Amino acid sequence: MRLLESALYLFAEKGYEGTSIREIIERAGVTRPVLYYYFHNKEDVFRRLVEPLFKELIKAFGEIPRHFAETVGRLKAVMRVAFAAAERNPLTVRLILQMYFSPPQGGPEFDKDEFRRVRFLTVEKILQEGLDRAELAGGDARSLTLVFIGVMDAHVMAKSQMPGIHLTPELAEGLVDLLFYGTCYKENPETALVSPFNYI
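Under the working numbering, the final residue of the sequence shown carries the number 217; numbering is consecutive throughout.
Because the hints were derived from the structure by calculation, they are not lab data. In this text the structure is predicted, and so the values were computed from the model without any measurement. Just so it is clear, CB atoms sit at the ideal spot from N, CA and C, and this is done for glycine as well. Certain hints may be false.
Unchecked claim - Below are the SDA-like pairs computed for lysine to any residue, each with C-alpha atoms no more than 25 Å apart in a straight line:
no. : residue 1 : residue 2
1   : Lys76     : Asp130
2   : Lys72     : Met18
3   : Lys72     : Pro186
4   : Lys59     : Glu80
5   : Lys76     : Ile166
6   : Lys72     : Leu148
7   : Lys142    : Leu196
8   : Lys176    : Leu70
9   : Lys176    : Tyr117
10  : Lys31     : Lys142
11  : Lys59     : Arg39
12  : Lys142    : Glu80
13  : Lys142    : Ala171
14  : Lys31     : Leu66
15  : Lys76     : Arg39
16  : Lys76     : Ala102
What the hints assert, rightly or not - Derived Cβ-Cβ restraints for the label pairs, each shown as a range:
no. : residue 1 : residue 2 : range
17  : Thr185    : Lys76     : 21 to 27 Å
18  : Arg159    : Lys76     : 20 to 26 Å
19  : His84     : Glu34     : 36 to 42 Å
20  : Asp61     : Gly90     : 19 to 25 Å
Produce the entire structure from the sequences given, and follow the hints as far as they go.
Written as structure tokens, this is what we have:
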């Protein structure tokens, strides 16, 4: 839909607060009544842009433990899912990041905590089970989760600002190997971690 495409571009470029209904309809080439036929207001437009990605990711994260038995495989799956979403939807991811980092009084009224909670608890559960099975040693699940999500989000944030960065499945797996095995881990040179920032 042209309205959503217009809003996505403008929100990503100018932010939610900096984008007006007038700009959205002008860029889409429609009239104000057309927008209000499909959406209640600007907040509703924003919600329609980000909610599908939230739902997709929550569903994908929930399915990971059923498809992978070992901790390292589950962690790689989480990062692959997050990276794939950022590759497919870089502008939507930029909106989500704006929403998380905007001042509390700014931005749309939107329940962003569910996604953050589900993602955190999914990773924390994976790591706790890894500790319980002695697949991991040292640290606690909550601290390890913060480290894992920090590494993952740093790359997703970079992608949202620098589209030339590519968050490949190989990068996701290499980062998890780095976190899981440490810098002394000796791996196959053909699958070694290659930084996506080499072009800078």
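(request) Compare the structure with the hints numbered earlier in the document and write down the numbers of the violated ones, lowest to highest. (result) The structure conflicts with hints 4, 6, 10, 15 and 20, although it agrees with all the remaining ones.
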